Every structure is written in C-alpha cells, then in structure tokens.
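No gaps in the numbering here: position 252 of the sequence shown is 251 in numbering that gives the first Met the number 0, and each next residue is one more.
Keep in mind that the hints were calculated from the coordinates and are not lab data.
Hints are supplied without guarantee of correctness; some may be wrong.
To be verified - Ranges between beta-carbon positions, derived for each pair: (1) A71 - H148: 40 to 48 Å; (2) I202 - E152: 40 to 48 Å; (3) E16 - A52: 29 to 37 Å; (4) I202 - H67: 36 to 44 Å.
Because the structure is a prediction, the values reported are computed rather than measured.
Think of the CB as a built atom: it goes at the ideal place given N, C-alpha and C, for glycine as much as any other residue.
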Amino acid sequence: MFFRIIADSSCDIIKIENQSDNIYFNTVPFVITVDGTDYVDNEALNVRDLVTAMAASSKSHTSCPSPHDWMAEFGEEGDVFAVTISSNLSGSYNSACAAKQMVLENNPDRNIEILDSRGTGPSLNMIIDRLNALIGQGLSFAEVKSEIHKYMEDHKLIFALSSYHNLVNNGRMPKIAGIVLGHLGLWGVGIASDEGTIKMKKIAKGGKRTLQVIMHDLKDRVADKGVVVISHCENELFAHNLKEAVISQYPDYQVKIMPTRGLCSYYAEKGGIIVGF
0 MFFRIIADSS CDIIKIENQS DNIYFNTVPF VITVDGTDYV DNEALNVRDL VTAMAASSKS
60 HTSCPSPHDW MAEFGEEGDV FAVTISSNLS GSYNSACAAK QMVLENNPDR NIEILDSRGT
120 GPSLNMIIDR LNALIGQGLS FAEVKSEIHK YMEDHKLIFA LSSYHNLVNN GRMPKIAGIV
180 LGHLGLWGVG IASDEGTIKM KKIAKGGKRT LQVIMHDLKD RVADKGVVVI SHCENELFAH
240 NLKEAVISQY PDYQVKIMPT RGLCSYYAEK GGIIVGF
C-alpha cells in the first residue's frame, strides 16, 4: 500500500524523520511577497534573507498554494493525506479541498483526506510524524484516517512574539494591540483556539518571564502527548532554554526544535517562538 503525505510549507519541515518506505512526502509552497519581490517558500528559500527584507519592508503579503499546486502533488496513484495550516488563518485548506474534488472527478476511487491542523508549524509537524508512524504500522487508509482524527482532537499550540508588524498588517491581530505591544517592547503570548484562530493570552516582559508563561500553559492545558515541538525564527537560544525547561518538567518527553520556514517566519517574525504539544 502506497501513501502520499502532502503538507503546505507552514509545516516548517522539508523531510520526515525516519520516513516509512511506502510514503511519498512533499510540501506545496506559500509565496511571500515583500516590496514586490516574491519569496517562494521551498527548500531553496534563504529564510534569513526573507527576514531581513521584511524588517526593511513597508508592504508585504502572502499567497497560499493553489488547487493546481495541491493537485500536482496528489499525483495519479496512492492514498493521500494532505495537511494544512488552520483554515481560519489561510485559504490553503480550501485550495486542498478544491484539488481533492478535481482529482475525484477523474478518479473517484482515490482515497484523499484533507486535514485542517487548526494551527501552524509544530501542529502540522506533529500530525505528519503521527501519520508516518501509523502508516509504518501497516494500517489501512481507513484505520489511519480514524486514528489521526483522534490524535488531532486535543492538539494545542502556544506562541510568543516580540514583533507584530505582519500580523497587524494582514488582519491577524488588532492594530492597537500590535502598536501598544511593540512600543512597550513586550512579548505577546497567545494560543490557537479550538477553532484555529489566534487568541492572545498574556503579556510578558522579557524572555525569562515569557518562558515561564509558556511552561505554565503546558501544565495548565495538560501536555500529555509525550511530544513537544518548538519552532523558532532566528531565536535558537530561547528554543534551547525552553527545551531544557520542558525536559526538566517532563523528563520522558521527546522535544524537537526546528527553525521556521518562510510562512511561519513571516508571521512569527524575528525572535518568534511557536510551540505545539
């Protein structure tokens, strides 16, 4: 049995660790446009160049993958699981659903499941890793589909940002909140709601207090999957300090650190942290 796992580039990964032999994995890229220059969020993207351009930019936006981008990766054969950023943050999910319908018009027997992560970055990463493990167990498409939806029911995401320019400009955060936080040099700590929207939770002064807020959230909302994934935008020191704090509190947990790709770098901005559990 052959499977395809396709994700949009908000997943922050290029390759699956310990990928099962019967899986094809690839990502469909967002495009980030900064002052008229397009940055395609693929393996060749230099994220540091993107972040530098954003810092000097007065105008930018993102474009989600098209239905044809998704359709090309669904291919002609194999069972497909497509994983997208929250449908409440982007049109990527709708594009993937449209691609599914186009494929089924020509081949109604294909098995294609579109998974709305209701998050970004670490959310997709954890879903992809779980899909890889389930498929590696030799489960059928129907069995993997049932198990992955159970796994996704209680997923949680928290993020900490020190810059809010792109969130405000793209309508993801109220303008006044972004101005106040940026002016005061405060970290904004928020969570993904159950619906996959952004919900601000705390204001923190400095990295130490921000780390404490994140750790309290892990305890308060019960990190019980045994896995914590930390994405960072050019803030490896904070990510490692957070990893040490998580392992100290949960010594049996697997903690993964990864740099953000283009799309998550765009919204997290330099220094931003996104944590899935």
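Here's how the hints hold up against the structure:
1. A71 - H148: 40 to 48 Å: Check failed, 26 Å falls outside 40 to 48 Å.
2. I202 - E152: 40 to 48 Å: violated, 30 Å
3. E16 - A52: 29 to 37 Å: Given about 30 Å between the Cβ atoms, the range holds.
4. I202 - H67: 36 to 44 Å: Holds, since I202 and H67 (Cβ atoms, about 42 Å apart) stay within the stated range.
Violated hints, listed in ascending order, are 1, 2; each of the other numbered hints is respected by the structure.
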